[in-house]
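Peer 1: What follows is each chain in one-letter form.
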Amino acid sequence: MRTSRRARIAWWAFGTLVLAFVYVPLAVIAINSFNQDKTFGWPPTGFTTQWWSLAFDAPGPREAFLTSVKAGLGATALALVLGALLSLALARFDFFGKTAVNLLVILPIALPGIVTGLALQSVISGFLTPVLGIPAGLFTIIVGHATFCIVVVFNNATARLRRMGTSLEAASADLGAGAWMTFRRVTLPLLSPSLVAGALLAFGLSFDEIVVTTFTAGPGTPTLPIWIYNNLFRPNQAPVVNVVAVVLVLVSILPVWLAQRLSGGDAAGVPDASP
Amino acid sequence: MRRKVPVGLLAAPLAWLLVAYLGALAMIFATAFFTTDSFTGAVVRDFTLENYREVLTPTYLTIIVRTLLIASSVTVLCILLAVPYAWFMARVVPRRWRGVAVALVLVPLWASYLVKAYAWRAMVQPSGVLESVFGATPGYGLAAVVLTLTYLWLPYMVLPVYAGLDRLPTSHLEASADLGAGAWTTFRRVVLPAVKPSIAAGTIFTFSLSLGDYIAVSIVGGKLQVLGTTVLQNNTLDLPFAAALGTVSVLIMVVYLLAVRRTGALDNL
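Just so you know, the protein sequences line up as chains U and C, in that order.
In this text, residue positions in the first sequence follow my numbering: the first is 5, and each later residue adds one.
In this text, residue positions in the second sequence follow my numbering: the first is 611, and each later residue adds one.
Bound-form chain C, shown alone (with noise of 0.2 Å):
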């Protein structure tokens, strides 16, 4: 079946793909290069360094730090979360309930992102769920922020690392077993080391998706500042400071890629 492929099958969605996703993609990472008239409030195409300079400001950077600092906590906290869970659904939960195990992470992922967000203003609020049940509340800020997204991309990271386990023969953990080693040192030596690439591939999720969010940090953050936030406020008066910073985190993406892709993660998206 090895033949040279019909150019019928592969013109559109190729042509969909180059012109509405690339073309535009190209088209930002360009706008990051023109200037704004202050007048106008137009795009002038008169190529600039500006708006990366700008973007290297006190200001700014502190606004990216605090977003790798919430995307770098979501990201442990996930793995912290997901590592246990995983290993309950694969090894604890008798093997006729994992399929409903695995459904009941599953179908929150396919809830409404948006209202799972407005889910933990209810949560957080002034004399919401948290402070009635528990007596206190972090309000709207950082913290709800971290606790959001980590619940948001929990489902993320539990997944990669349940089909990890899974994959995980039995009789490793009993030769480790067998061979003297307590429950500590056979997780540590045998189970971590094994599904280490999936937890990659988990990260790869909750980092990227921590990076570019602006919805949840605008909804339980109260008046909190990341790449996102200002990202969408520039963009009506200073379209290329906008692109700057979408570029920021693109590159940021990149790098983390990059350096991922030791661990084999990337083969097991």
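Next comes chain U alone, as it looks inside the complex (with noise of 0.2 Å):
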């Protein structure tokens, strides 16, 4: 279609307004946390780093920093070994109820998160802590994390396999190999990309989730994400929040970044992973 002149004028001028109503909060934030006004009046009164130093010497971000961490580090090992067996299941094999797992899988992030994280709770409440011991805390989130994290690594891996097609798996057996060594010397080298791509989304999803986490997390473990939350209506500790939660973003976008470069722009993430 032809555009005219004063017609392409006005598309940019759109694109650029949306792009703005995207960016100018999140740079809000990033600004505020050098801002020396403590109650983040706009325009800010002048410009310091204190809180900077100050979020770095508190013991309360620090410590739910490395609760996030762990709680990442732990969910993606399991969704990434659960998610690339789920996905060689389904790409690779016919099974009758096939269709029903694939459902199963695409159901924690297709349903709201408070369902989620209120049912977790309940098996917490009901059953882990009265009758296994097992109190909420990092193994608890670890778990409601992991849960949801599954479909990240499964889309990913599931993407790869099908692109992959299976003649190079069939030339290995052609070849002599066994299922076991066709698997080791053929299909994980080619499925191994994805499946970092896939590992690293699941970081970035787990590191800022909140919704399921507060079901899940006991008073004792807050995560990053919970941490902000519970600070968020102290205003004494708004110069701190400002400068975690610049932080947050930071860490969550990176696994992203890294994701699409490492599998070539097209890690299947989006917009397959809600809150």
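Since no wrong hints were added, every one of them can be taken at face value.
Derived contacts from chain C toward chain U, CB cut-off under 7 Å, selection only: (1) Pro623; (2) Phe698; (3) Val725; (4) Ala729; (5) Ala732; (6) Gly822.
No wet-lab data here; the hints were simulated from the structure.
Glycine is no exception: its CB is placed at the ideal position from the N, C-alpha and C atoms.
Mind assembling these two chains? They're in different frames, but the hints should get you there.
Peer 2: As structure tokens, then:
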């Protein structure tokens, strides 16, 4: 379609406005982390780095950061194994109930997170703690996160398995390799970039998750997002919250950026991942 | 390669999803029919429909309708912003810059959800950014919630619509123009029918995510009550009632999914 010069200008103006809508609020948080004014009125009254040093010395955010890293690593490891196994089973084999299994993988992100959270919480308080003696804490956070991280690994691995086709695996079998040998020497090496990408996305997803975590984290083990949420409404904590918020954005974007680079821009993390 | 699936491949992941997830879900759906001991607050396994009866009282019906209203407004606003923006990315931006345009929308999607909601607190707060730049702010409340949720879920609408527009052959648009259709007619008769399934796919996200949200509402909504916040409030005091409220949001979502399935949206996820 031909677009007139005037229409072209209008389109670019519209595009710029939408991008401004997307980026201005994030920029405001970044700027506010250097804002001298403790009530964060706009425009900022002066520049300071004292909130950053204050945040680095505060024990609360540091412990929460470590909890988040541990939870992210644990959930990613579990999701990696379970998601990879599932993708192999569904992409390479036919079996009864395959569609149902496919639906089951997507369910944890399709249903509202608050329902998943509530469900997991009732298992923790009704079964894990009284029967098995496992209190809400790092372990339950990892279980909750792994449940919805599986789908990210699964999606990436499945997309890769479909693109790969089966000819190389068939060639390996023709050359006399057994199933295990074929998996180890052919399938796994070809699959591994997508597994790394999936793992990075899973980590990113786990790191900033808050809805399910609210229900699965005990009072003693806040993750970084929970720590922010708990301190959000305390005016005297606002400067530190701003700094931690900026850190949270950077740490959750970095793995995604890496995943995109690794998979040549087609890491299938979006829009399948919801909070 | 179509052999019998080795048990080892399926056993662990299936056991996990069935036990850790489906088991938990079943438990919460069952809990919605239990009662709470008013003295200890513990869940008592006596069958009752009382929780659902309470959900249908005017107090909670108002909250459910309000939540639906918010979810619908957010969905409509996301469509109104996303369709033109996706068109801008797919048809106006030169091909070599398209990747950058897509990335620019995609990156904030992964920036922490919590921080993005928090960022809008700084925008709408008294003497915040909106007030000092535009001279007015909606303040904490319904308008701020709709604005913030639209902001949060916009990428979930832009991406499927962009994918849909990208698939639309230019020849269709040219044919429409050659047959004498103006820009508006072409949009209404050619573009819109083609991207309808993509839009429907996007609405699944914007609708479902708005429906279950309580974090953004508690951050910018002031004292506003929605389904999510009531679930959270009842969670410690009256778990069966919270479970009933949660089940309502699942039911609404199932009805919604069945409704949009006809448009082919589910194949576009």
